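Engineer: Read off the chains here:
Protein chains: 6
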Amino acid sequence: MAAMPYAKPIEYADASPEVRAVYDDIMAVRKVDSVNNFWKSLANDPATLRRTWDSIQQIMSAGALDPLVKELIYVAVSVTNGCEYCIASHTAAAAKKGMTPEMFSEMMAVVGMANETNRLVAGYRVEVDEAFR
Amino acid sequence: MAAMPYAKPIEYADASPEVRAVYDDIMAVRKVDSVNNFWKSLANDPATLRRTWDSIQQIMSAGALDPLVKELIYVAVSVTNGCEYCIASHTAAAAKKGMTPEMFSEMMAVVGMANETNRLVAGYRVEVDEAFR
Amino acid sequence: MAAMPYAKPIEYADASPEVRAVYDDIMAVRKVDSVNNFWKSLANDPATLRRTWDSIQQIMSAGALDPLVKELIYVAVSVTNGCEYCIASHTAAAAKKGMTPEMFSEMMAVVGMANETNRLVAGYRVEVDEAFR
Amino acid sequence: MAAMPYAKPIEYADASPEVRAVYDDIMAVRKVDSVNNFWKSLANDPATLRRTWDSIQQIMSAGALDPLVKELIYVAVSVTNGCEYCIASHTAAAAKKGMTPEMFSEMMAVVGMANETNRLVAGYRVEVDEAFR
Amino acid sequence: MAAMPYAKPIEYADASPEVRAVYDDIMAVRKVDSVNNFWKSLANDPATLRRTWDSIQQIMSAGALDPLVKELIYVAVSVTNGCEYCIASHTAAAAKKGMTPEMFSEMMAVVGMANETNRLVAGYRVEVDEAFR
Amino acid sequence: MAAMPYAKPIEYADASPEVRAVYDDIMAVRKVDSVNNFWKSLANDPATLRRTWDSIQQIMSAGALDPLVKELIYVAVSVTNGCEYCIASHTAAAAKKGMTPEMFSEMMAVVGMANETNRLVAGYRVEVDEAFR
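Quick mapping for you: the protein sequence lines, in order, are chains F, Y, Z, W, S and B.
Just so you know, we're using our numbering here: the first sequence kicks off at 5 and counts up by one.
Just so you know, we're using our numbering here: the second sequence kicks off at 5 and counts up by one.
Just so you know, we're using our numbering here: the third sequence kicks off at 5 and counts up by one.
Just so you know, we're using our numbering here: the fourth sequence kicks off at 5 and counts up by one.
Just so you know, we're using our numbering here: the fifth sequence kicks off at 5 and counts up by one.
Just so you know, we're using our numbering here: the sixth sequence kicks off at 5 and counts up by one.
One or more hints might be untrue.
Since copy identity is lost for identical chains, a pair holds within one copy or between any two.
[What the hints assert, rightly or not] Derived pair list, reagent style DSS-like, types lysine-lysine, alpha-carbon separation capped at 30 Å:
1. K35 x K12
2. K101 x K35
3. K100 x K35
Note that these hints are calculated values from the structure, not bench results.
Given the structure is predicted, the values throughout are model-derived calculations rather than measurements.
Chain F with its partners taken away, still in its complex shape (with noise of 0.2 Å):
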């Protein structure tokens, strides 16, 4: 798959000076030696390669949210959306950060739970309480 022009993984060897810069910088930060497929795709687009690393960065760092909890999170929308790639990559980075087969399976629990209910919602048009305006 992805073989055409605008969306060949580019490997480091056949990259730009701009598109290397990131790629060091990824691998500097994760400890790693090679950066994964998403990066070496969105490498076809410099900017967007750049900006979408600078945000993951910002967005995934410790805050008032741990970082295992923002990849559950993060996990959780991959599930939602169905993105397999998403799923596989935000798994095994949430693992690394700690996570147990018993969190995977209590986080997978309440998205199913949630994806349920966001649909009887739905269907029987229930109205927002007055509590929640």
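We have chain F already, so just place chains Y, Z, W, S and B on it with the hints.
Structural biologist: Coordinates of chains Y, Z, W, S and B only, in the frame set by chain F:
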């Protein structure tokens, strides 16, 4: 809205004993003196009312993840699905369990970013890395 | 809402002969004396108005599935997409065709469960069984 | 895929007594001698496995709607969500319950049309008619 | 995949005269000597095959928007829905109509941003400004 | 709505210097004398406000695609996601940039058709043609 016979909210006074039993249970567990519109609408189907309440209690209680994290995940899914009622009621529930404005904002930033990258992955047709298989 | 020039509902009195021909057709087929807002909005694009009306007649008429089952499927999709107008208008249509409150509730229970298991499948990355290939 | 510890399918031979009890129940009710991958994956969370199986039995059995109609609704939702596994397994289940190719095609035509009109309604910002409130 | 009787792709040699007529039309209009899998699958339902082909010709031809812009919009929707086949076939169609890699990347950046802000709007429950009503 | 402390729109008079700087920037670039509710809500998270404004400027400006085409793509995504606010604000923006009612209608016809065929592809489980791999 919701004035059709199949989806009219059912008040306690008009509820069957079967439905009242669930309402009583909700009010006792949550220490409140009325139930939200969600439950009043589901009461049109007592079996779904009972099953949903039992499932939510099982799923949302403390486990490997704490109840606040579970509420944040619930909100994240509801935002992704665009369910206004669910967003309103579960952010209220999260606030009760200790969600600060900072936590809400950080959760939302993750949800926004995940929705963005989920689509970048789809459009660039990113293949799952060997390491994630 | 919908007061923008590109999406203002078009009343019969203000409609072009082309649009009136579709309105007349809808009223004759459905034995009603006015058309719903959906058609009045689509009238901003007479080609889409005509194509949509012709397609809906072809698709929703009796065939291997009876019209009520088709309406239930229409509602199920609209609930999954969270389209309030579509839920409102197609549950009304289903009720006209004989949908009882029990049928509505059972349809909704299936919709809720399917939305839940669709996500469980995604998150657990369940592989398609040989038997289903 | 799905080789991560949190989502590895669990075979009967490796299952806990709690999980085996659900597998046995599924095989007995469905008169089959093995369970599908969906159940083997859910077995990573015995509570969700049990709850999902119990709920599905309750929801999918004959009631005001017959089981085939319920399967068609299940497929319609799964198609709308783009869940390949769910489409594959529930069309197989529908076929077992008597779905003909004509029924499948008619269901699909409704699903396609509903997804189209759901978006037309959103884009034209169609207001709910008084009659549907 | 897709080996079930209700969804087996139908080759020209095995097609009914009704289906062949559509295949012939597609090949003549597009100046190609075979049709894509999409049409071969839809051929299981000749009425839907015919209606879809007629509708697509009407909708995708030059008008107030040029055909390339229409293809970009088609891809943007398909990316948002995560439809791999649709992304693959419509990016190919767009490339034929002149889409450059830069256009693809810019379209994708918009799609990503729109998906992000759509969710921010939902989560922060932003009210429609008076000016937009 | 949106009266909760975590999502209350922030007026200029009540804004921090950091937030005012973004508001000033938006008003200067767009030559308007107030900002929309979207920005007032995002102001609850100054980092997201700044990042979103900077990203939107980068993404929506003229490039290989002109700004009107980008707005149409933005609307197409927002319609697919059913985001009413986003549809309202971005159709207004598109109208300012020259979108005619005919362009709007043609864009909507494409969005409707793409949403329909995306589901037909999923349900018929259409395999990606060799030519598109």
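Engineer: All the hints need checking, so say for each whether the structure fits it.
Structural biologist: Consistency of the hints with the structure:
1. K35 x K12: Result: close both inside a copy and across copies, 25 Å intra and 28 Å inter.
2. K101 x K35: Intra 14 Å, inter 36 Å, cutoff 30 Å: intra-copy only.
3. K100 x K35: Result: close within a single copy only, 13 Å intra versus 39 Å inter.
Of the numbered hints given earlier, the model fails none.
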